[in-house]
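Given chain A, work out where chain B should sit, using these hints.
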Amino acid sequence: MTYKTFRLPLAALIGALWSATLGFGFSVSLAFSTGEGFYPIWWALLITGGLTALVLTRRNQLSGGYASLIGSLVFAFVLLILTGFMPFGISLAEAPLANILGLSLFAVLLGISLKIMVLPISHERVDRHDVEYSLIAFMKGFGYIFFTAIVLIPFFVMVMTSLKSQQSLMMNPLDFSIELSRGWDLFRSYEELFSNFNFGEYLLNSALVSVATVLITLLFSAPGAYAVARLKFSGRDAMSRGILLIYMVPMIVLALPIYIAFSMLELRNSLVGLLLIYPVTTIPVALYMLQGYFRGLPVEVEEAGLMDGLSRIQVIIKITLPLALPALASVALYVFMIAWNEFLLAFMLLDDPSIFTLTRGVAMLNSSEIPRQHLMAGAVISTLPIMMIFLVLERYMTKGLTAGSVKG
Amino acid sequence: MNIAPPKGVGPLAKREASLAWKLLSPTLIIVALVVVLPLLAIFWISVKPVGLADLRAPEVRVYERLRGDLLSVGDTGTLQYRVSNSSPKSSITEVSFSDEIPSGLLVTVNDDRCSLSGQVLACQIGELQPAEKEQFKFPVEVIEALSGEPDIRAIAAVTEGKASSSLTNNEFTLDNFQLIFDAEDFWDVMYATTFYTVVGTVGALVFGMFAALLLNQSFKGQGLFRGFLLFPYVAPVIAVAFTWITLFDPFSGSANALLIQMGMVDAPINFFGERGLALWMVTIFEIWRYFPLSFLFILARMQSIDSEMYEAADIDGASPLQKFWALSIPQLLGILSILFLLRFIWTFNKFDDIFLLTGGNAGTRTLTVNVYEQAFAISNIGAGAAVAVVVFAVLLVFATLFIRFVSKEEGL
Numbered sequence: 330m331t332y333k334t335f336r337l338p339l340a341a342l343i344g345a346l347w348s349a350t351l352g353f354g355f356s357v358s359l360a361f362s363t364g365e366g367f368y369p370i371w372w373a374l375l376i377t378g379g380l381t382a383l384v385l386t387r388r389n390q391l392s393g394g395y396a397s398l399i400g401s402l403v404f405a406f407v408l409l410i411l412t413g414f415m416p417f418g419i420s421l422a423e424a425p426l427a428n429i430l431g432l433s434l435f436a437v438l439l440g441i442s443l444k445i446m447v448l449p450i451s452h453e454r455v456d457r458h459d460v461e462y463s464l465i466a467f468m469k470g471f472g473y474i475f476f477t478a479i480v481l482i483p484f485f486v487m488v489m490t491s492l493k494s495q496q497s498l499m500m501n502p503l504d505f506s507i508e509l510s511r512g513w514d515l516f517r518s519y520e521e522l523f524s525n526f527n528f529g530e531y532l533l534n535s536a537l538v539s540v541a542t543v544l545i546t547l548l549f550s551a552p553g554a555y556a557v558a559r560l561k562f563s564g565r566d567a568m569s570r571g572i573l574l575i576y577m578v579p580m581i582v583l584a585l586p587i588y589i590a591f592s593m594l595e596l597r598n599s600l601v602g603l604l605l606i607y608p609v610t611t612i613p614v615a616l617y618m619l620q621g622y623f624r625g626l627p628v629e630v631e632e633a634g635l636m637d638g639l640s641r642i643q644v645i646i647k648i649t650l651p652l653a654l655p656a657l658a659s660v661a662l663y664v665f666m667i668a669w670n671e672f673l674l675a676f677m678l679l680d681d682p683s684i685f686t687l688t689r690g691v692a693m694l695n696s697s698e699i700p701r702q703h704l705m706a707g708a709v710i711s712t713l714p715i716m717m718i719f720l721v722l723e724r725y726m727t728k729g730l731t732a733g734s735v736k737g
Numbered sequence: 002m003n004i005a006p007p008k009g010v011g012p013l014a015k016r017e018a019s020l021a022w023k024l025l026s027p028t029l030i031i032v033a034l035v036v037v038l039p040l041l042a043i044f045w046i047s048v049k050p051v052g053l054a055d056l057r058a059p060e061v062r063v064y065e066r067l068r069g070d071l072l073s074v075g076d077t078g079t080l081q082y083r084v085s086n087s088s089p090k091s092s093i094t095e096v097s098f099s100d101e102i103p104s105g106l107l108v109t110v111n112d113d114r115c116s117l118s119g120q121v122l123a124c125q126i127g128e129l130q131p132a133e134k135e136q137f138k139f140p141v142e143v144i145e146a147l148s149g150e151p152d153i154r155a156i157a158a159v160t161e162g163k164a165s166s167s168l169t170n171n172e173f174t175l176d177n178f179q180l181i182f183d184a185e186d187f188w189d190v191m192y193a194t195t196f197y198t199v200v201g202t203v204g205a206l207v208f209g210m211f212a213a214l215l216l217n218q219s220f221k222g223q224g225l226f227r228g229f230l231l232f233p234y235v236a237p238v239i240a241v242a243f244t245w246i247t248l249f250d251p252f253s254g255s256a257n258a259l260l261i262q263m264g265m266v267d268a269p270i271n272f273f274g275e276r277g278l279a280l281w282m283v284t285i286f287e288i289w290r291y292f293p294l295s296f297l298f299i300l301a302r303m304q305s306i307d308s309e310m311y312e313a314a315d316i317d318g319a320s321p322l323q324k325f326w327a328l329s330i331p332q333l334l335g336i337l338s339i340l341f342l343l344r345f346i347w348t349f350n351k352f353d354d355i356f357l358l359t360g361g362n363a364g365t366r367t368l369t370v371n372v373y374e375q376a377f378a379i380s381n382i383g384a385g386a387a388v389a390v391v392v393f394a395v396l397l398v399f400a401t402l403f404i405r406f407v408s409k410e411e412g413l
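Residue numbers (our numbering), protein chains in the order written: chain A, 330 to 737; chain B, 2 to 413.
If we strip away everything but chain B, and leave its shape as in the complex, we get:
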């Protein structure tokens, strides 16, 4: 008899797997829609010549006007139409318009693209090049006495046309990438990004460690102080960012007033407006806002370290600093490196803080702020997407590192 565990997937396992997929499917679908699709879109847009204005599909605009005194029978005038393409970049095909002429007016159609049926004038124009205008002038005569000045605009002309949006057509370009890599400030942006990310991450870790050491002992009100230290992280970024701006305002800020009163500076400092200093300020803000997180993690790890180890070290006569270097640090190395990688990635990703504090001015434009700057301030969506692709590429490298590392640490 052959005794062996059953091979293959049994019905029970199959049912379990299918249930798992069912439970996961809502998440997968919504994530695919809101994360994966936009990511693919970013890659698509980055190779398209698209500006903010192109988001509105090009449309046919028509301007109509009636010239001349038209009141009594026999009066003559001119009916004018100006048809134009609203987009400066893409052409519109099969353009046509039609308009209803007020009764009592006789229009002489002198253009073979147009025809009159009853009181409705219709014109087939064909293709309109980008920003092209087309003029029509028709002589008009009053054939019935009118009660007042005829209003041609009372009934708006109806236009039609087919346009391919520059988002969906087959036109591709690498100009966006060339634009951002050739930009004068490209290296400035890279420098600001690197500085902000590295100094911000290390700073948050160092201060988090300091705070954790401070609180790694029980005393009255320890929980309270711990909660208090988390304030910068818990408060909405918009509230604290504006508070910092208020605090460091060059004209009415308390920080400047304090420094001047102490005689440390002669004139107010424009903290968020001076090149170099501004980059330091946004980085310090980042440290201030995120040290609580590192603090929380490190403290949690510290409190789970076995105290017997320290007792043994005490018996061996180790000094506090020796214990810190030889026992605590090696124990904390795992959480510190995870925190470093995570905070590194998240600082790199950070947008709101700098955007609110300086708007990316004074040499504080990081890659993520540049995405916004290109897409919305300069209105070049394509270039913004190109920067986003660069951001994503850099991130992919970090994430691979992270996954390798964390998988090992957390056994995922």
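This is chain A alone, in the form it adopts within the complex:
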């Protein structure tokens, strides 16, 4: 058996699957943006895609651009005929603009991308490499759509739901179009959260707790990390392993005795109480990350400092820490993220709505008496700051994640 025999079936299969993937994406996007009942007609998409792929493999003698154009035209035409002029489940007459715009974009995109996918198997002498190139090209396309969809859809739903009103949400859960006519009223949920639910204060509390956690964590972990990384003492190996062990202890196991102790010491319902616990959950990670970085710093620089008469402490403050600034930034961001996102302890230790942190505040919104869009607005408020920080400082954050995010 040669690869040649299933060249065309493979092209048809890739075409069919790719058309279904893109078709699904377009239908969902159309449905979400217009609120109309768009849906993919699977059988038509599969057949049309397969057919187009066959056309594209035949059209190899034409240059790429022409072939794609022909592919797009064939695809749009056949899909229209097969579906009875309702390419996404709704007839052209009913929603002309969305249909025409969607279909033309769909066809053009499909023509170009499918041409690239079947190009390796568009000639008679296909071998294993060509088949694999084709498959990989398809998997890549599929991967981009897949990952974009699974990441984007939840966040899209979160933001859009927060801008809706209760009635329109109940009437059509698929309608995520923004009613621009409502103007500033779109942000009513946010306004209500800030004016009636104290969210301004929660935001401040969360920021306060997170920043304090970062500071305390660095204050404790930096010297410790230096000791583990640079100084010789018996028990050093045991120490660096012990650090790893500690952050494998599940939070819920610790939360139970902490809850009991805090109840007895009346430390519940205080941010100070939280600040006693949060840094301890992050110090081991920070220590582990920092000691890895300290080890990588050239020891000669420090030795030069020692020779010039600096004490160890001075060496740490004047040489090591400035050199480790990028690592400190990464650790700080990572710790900030952990503290900002922390939910379990805040949930167990805070009952008093006047001192909630943001995550605890959002948890409070999860009640049948509070409308859904308030809950989603709360989710957006808690997500937005950390996302902004993440996007601006992505480089440090990613480094911090790779270095320390053995922790979940």
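Don't read these hints as lab results, they were simulated from the structure. Each residue gets a CB set at the ideal place from its N, CA and C atoms; glycine is no exception. Keep in mind that the hints are not guaranteed to be accurate.
To list a few chain B residues with every Cβ distance to chain A over 10 Å, as calculated [said to hold, decoys possible]:
hint	residue
1	25
2	77
3	171
4	186
5	236
6	333
7	353
8	389
Covered by chain A, according to a simulated footprint, are these stretches of chain B (three or more residues, beta-carbon under 8 Å) [as the list claims (entries may be wrong)]:
hint	segment
9	34 to 48
10	95 to 109
11	345 to 352
Chain B in isolation, oriented as in the chain A frame:
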């Protein structure tokens, strides 16, 4: 002359070691306080019969009441005290109370446990059994004209008593462990835990690998897409968990509306409420939230693989898949196994996600959720601690494995 390196620890080394311990001591102290102490406490509590209500020490409660019309001189009535033990489980010893009687009233003390000095009535009761009540009734007579109805409760009776909290006494039991191992759903819990941990870990690795392969090439906007893929991990769990609940809501969720519109289902599906399906959903959520992490690790490792190897393979005529299997996978095996162990442990430890999504209902109760369930929903702190001990024991096995493995890999 004997030439040899100096033996023993010199003063310089000693100073270095002592500095090291000084630098480490703040961390060690705080970790001991907040990690080691609670861990020991967990073991202690797990063998104690403690409920949530026992966290409040048992107290003596007293209820006082004055009966009868008491206004003018000569009127008589009854003064009643009911003293009780608030705890249904532990007794209180050396119980006593005292109360000030409003002026103008004469109390006849007819109980030898009580005495009257001036207007202060004091009673020694002794021991009160769990939930025991003790009644006192004294005849009262008005001896001076009163301006109004006397209010006995204006001055609250003061009580005293010694109670041993069930957290600190010497009573031990293995009931907690028996309770959780004998529980009907114990095997359900174990199954959910195993399923969630294994499928969640493997799934996150597979999808992380897929995403890493996708991004292991430079193109415009690669950094942007990489950042975008990290969103599920960076966002607060509470925000994304509630978004998933909203998205998959059986009544107003978009997912159901979409499925119905596509004709794939006839009736809305209760994604987080149906047994079996719910477990899949929380596991998928776990994969969705943590694939970015595996992705980041694998990508970092991929980009550090020597490209010459691939060039050599190209010259030898290897196909892309062959290169993947024969070159990339062996190179990635180290990071993959570390990731597997770490993610395995962390998925096993995970609590928030399931707690927020289903609250442990519909067959999604894992061991960690069970800790919370026992301690707070059923209010049996002791049983919760017992589950925590089980969690910890399982974890110890994983951690030993991990330390052995990672020590080798990272040279710690």
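Here is what the structure says about each hint:
A cut-off of 10 Å between C-beta atoms contradicts the statement that residue 25 of chain B is not in contact with chain A; the least separation is 5 Å. With 10 Å as the threshold on Cβ separation, the claim that residue 77 of chain B sits away from chain A holds: the shortest Cβ distance comes to roughly 46 Å. Every Cβ of chain A is farther than 10 Å from the Cβ of residue 171 of chain B; the closest lies at roughly 18 Å, confirming the non-interface assignment. The Cβ of residue 186 of chain B sits about 18 Å from the closest Cβ of chain A, beyond the 10 Å cut-off, so the non-interface label holds.
Not every C-beta of chain A lies more than 10 Å from that of residue 236 of chain B, the closest at about 5 Å, which undercuts listing it as non-interface. No beta-carbon of chain A is positioned within 10 Å of the beta-carbon of residue 333 of chain B; the least distance is around 15 Å. Consistency note on residue 353 of chain B: stated as away from chain A, yet its beta-carbon is not over 10 Å from all of that chain's, at 5 Å minimum. Distance check on residue 389 of chain B: its Cβ comes as close as 4 Å (rounded) to a Cβ of chain A, failing to clear the 10 Å threshold; non-interface status is violated.
Counting residues of the segment 34 to 48 of chain B whose CB lies closer than 8 Å to any CB of chain A gives 9, which reaches the minimum of 3, so the coverage claim holds. Counting residues of the segment 95 to 109 of chain B whose beta carbon lies closer than 8 Å to any beta carbon of chain A gives 0, which falls short of the minimum of three for the stated coverage. Residues of the segment 345 to 352 of chain B lying with their CB closer than 8 Å to a CB of chain A number 7, which satisfies the three-residue condition for coverage.
Against the hints set out earlier in the document, violations occur for numbers 1, 5, 7, 8 and 10.
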